Structures are given as C-alpha cells and as structure tokens.
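Whenever a hint applies, use it, and build me the whole structure from the sequences.
Keeping their order, the protein sequence lines are chains R and S.
Our numbering numbers the first residue of the first sequence as 1 and each following residue consecutively.
Our numbering numbers the first residue of the second sequence as 211 and each following residue consecutively.
Since the hints were made in silico from the structure, they are not lab data.
Predicted model only: the values in this text are computed from it and were never measured.
Here a beta-carbon is modelled for each residue, glycine too, at the ideal position from N, C-alpha and C.
Check each hint, because a few of them may be wrong.
[Claimed, not checked] Chain R residues, not near chain S, derived (Cβ > 10 Å throughout):
#	residue
1	F49
2	A50
3	V100
4	E121
5	H127
6	L165
7	R172
[Claimed, not checked] Covered stretches of chain S (chain R as the covering partner; in silico rule of three or more C-beta atoms under 8 Å from a C-beta of chain R):
#	segment
8	267 to 277
9	305 to 311
10	320 to 327
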Amino acid sequence: MMHAETAPPGAAAPVFYQTDEEGHHSEGSTMLGFWLYLMSDCLIFATLFATYGVLGRSYAAGPTPKELFDLPGIAVNTAMLLFSSITYGFAMLEMDRDRVKQTQIWLAVTGLFGAAFVALEIREFVHLFHEGAPPWRSAFLSSFYTLVSTHGLHVSMGILWLIVLMVQVGKRGLIVENKRRLMCLSMFWHFLDLIWIGVFTVVYLMGVLE
Amino acid sequence: MSADARHLTGHGQDTHDSHAHSSGGHGTVQSYMTGFVLSVILTVIPFWLVMGNVLDNSLVTTLVILALGGVQMVVHVVYFLHMNTKSEGGWTFLALIFTIMVVVIMLAGSVWVMYHLNHNMMPMDAHDVMNNAR
Numbered sequence: 001m002m003h004a005e006t007a008p009p010g011a012a013a014p015v016f017y018q019t020d021e022e023g024h025h026s027e028g029s030t031m032l033g034f035w036l037y038l039m040s041d042c043l044i045f046a047t048l049f050a051t052y053g054v055l056g057r058s059y060a061a062g063p064t065p066k067e068l069f070d071l072p073g074i075a076v077n078t079a080m081l082l083f084s085s086i087t088y089g090f091a092m093l094e095m096d097r098d099r100v101k102q103t104q105i106w107l108a109v110t111g112l113f114g115a116a117f118v119a120l121e122i123r124e125f126v127h128l129f130h131e132g133a134p135p136w137r138s139a140f141l142s143s144f145y146t147l148v149s150t151h152g153l154h155v156s157m158g159i160l161w162l163i164v165l166m167v168q169v170g171k172r173g174l175i176v177e178n179k180r181r182l183m184c185l186s187m188f189w190h191f192l193d194l195i196w197i198g199v200f201t202v203v204y205l206m207g208v209l210e
Numbered sequence: 211m212s213a214d215a216r217h218l219t220g221h222g223q224d225t226h227d228s229h230a231h232s233s234g235g236h237g238t239v240q241s242y243m244t245g246f247v248l249s250v251i252l253t254v255i256p257f258w259l260v261m262g263n264v265l266d267n268s269l270v271t272t273l274v275i276l277a278l279g280g281v282q283m284v285v286h287v288v289y290f291l292h293m294n295t296k297s298e299g300g301w302t303f304l305a306l307i308f309t310i311m312v313v314v315i316m317l318a319g320s321v322w323v324m325y326h327l328n329h330n331m332m333p334m335d336a337h338d339v340m341n342n343a344r
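Here is the structure:
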C-alpha cells in the first residue's frame, strides 16, 4: 500500500501484491466455506428427519412401511451410492496425479452409478403411486416423500454438477480451479452418501421392523 | 478392483514428492479401500438383521442398526470426507461438532416433545371417538 502511494503512476507493485496473496488464501477459504455449506445442508436434513421421526407412524389408516417398502430394491440402491462414492474417490486419486483421461473415466462411472440410483428411486416412487401411496395419503407418506426426494434432488443436482465439471476438465484440463471444484463436489457427493445411511436406517429398515 | 488399487499404489510412491504438498486433504488408495470395505460390512449387517429376522426382539434390532448406522457415518467422515481435528486449523472440526450438537438437540428434542404431546392428547382423542360413536 505504502509502495503504491510513493511509486510513480503505472508501477507494477499492486499487481505483485495481488497474485501472491490470492493463490493460497482462496483455496483454503473455499474448502472451509463449502464445509460450512454442507453443515447447513445437514441441518436441513436434520429437520426433515425430525419431521419424519414425529410423523412416521401416522398412517391415517393407510398403507404402512412394512406393506410398501421393498428392502432388496433399497439394498441395490444403497450399493449404487456406495459404489459411486468409491469411484469418486478413485477420480480424486487420479486427479492428484494429473491424469486427465483416468479422472474423466472415473467421474463418468460415478455419474452412471448416481444416475442408476436416481432412476431406481423414481421407479420406486412410481410403484408407490400405483400402490395407492401418494404423498397426500397420510402424514407418514408426506414426510417420507419430503425427506427421500430432497435427498434424491441433491443427488440429481450432484450429477448435473458432475457433468458440468467433466466438460470443464475436458476443455481446460486439470487446472487449479478445476481441482478445487472437483474437491468441493467430492465433499458434496460423500456427504450425500452419508445422509443416505440415515435414510436407509431410519426410514426403510426401522420402518419395516415396526 | 484390487488390481487397480495395487497399480495406483505403485505410482503413488513414485510421485510421492510431487503431490505430497497437496495430499493433505485427500486420502490414499488404502484409506479409500478401508473406508469402502468397512462401509460395505456396516451396510450388509443391518440389512441382514432386518431382512433375515435374525433377532426376535425388534427393539434390540432397532438399537443395533442405529448404532451401526452411526458408526458408518463416522467411517464416511473419516475415510471419505477426510475429516480430522487439524484440517483448516481445526475450524472444520469445530463446525462439525457444533452441527452434531444442534442436530442431536433437534432430533431428540422433537421426537421427545412430540411423543409426550401425543401421549397426553391420547385420552382426549379416545373421549372424542367415544362421543362420536355414541
């Protein structure tokens, strides 16, 4: 700052200050900021879980979880998400070693597993509608659809983000900015798998137990 | 998949110096595979318990699958999200602890309060039903 004031007009001093500071600072604060976003997202899911916890047994003489849920199907769904987590991990490891093609392949595999998860979930919802279990049937079903479809929507947005990043990496390669973005998506993706653990435990497994 | 893992490990050692500075927030093949195997085990057990009707007591089964779910969440945080007490100068860990605290209060509080509310409303409901039936 002092320098800029005393230097003649057109001096390069301010430019030198800027480039030196930003490289380090923005990366660290992006990761922390994204983590804080995930924590706030966690609170959204916590409220939906609490709602389900309160209303999950209010069937209004309608269908119960035991009649509706197909556990083998849910197990397949869970496997899809878990596989997508590990393949994203492999993409990150390839990214660390600056191998564009391998990174892209693992990202594509991750996206396919994610898409399979969403497709199976949509199929489940369609099936439930045919069974006479739409969201408006009972408080249990309203809270069930709200919780599960919020998670499904997150996964769908994650897939969209993944596609955008694959295009970015394809065009610009694994530059610092793209690596940072891929690291954010990595956190987002693993976080969604973590939320799904809560969903299959509390909603599906405990629902069938009752 | 294991062949892939070994392949990656070999290279990881070659280029150790070049990515050592950036690997602070990432895992290794071993850490990802450890997390994955633990997750598979912790997922299969609760599904097996419920689908196979292994334990007769549904309360015990509920507690066991909740505990396993909790453990699996910790596994994901440690092995996939690479959370530790030192990353970002401890701020991410602090945020995580705060979030867990709020979530526990919100979940336990909601369920507890609403359970008692339902419980206390019960006689009135029954009364109404009786009146209507009469």
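* Of the numbered hints stated previously, which ones are contradicted by the structure, given in increasing order? -> 1, 2
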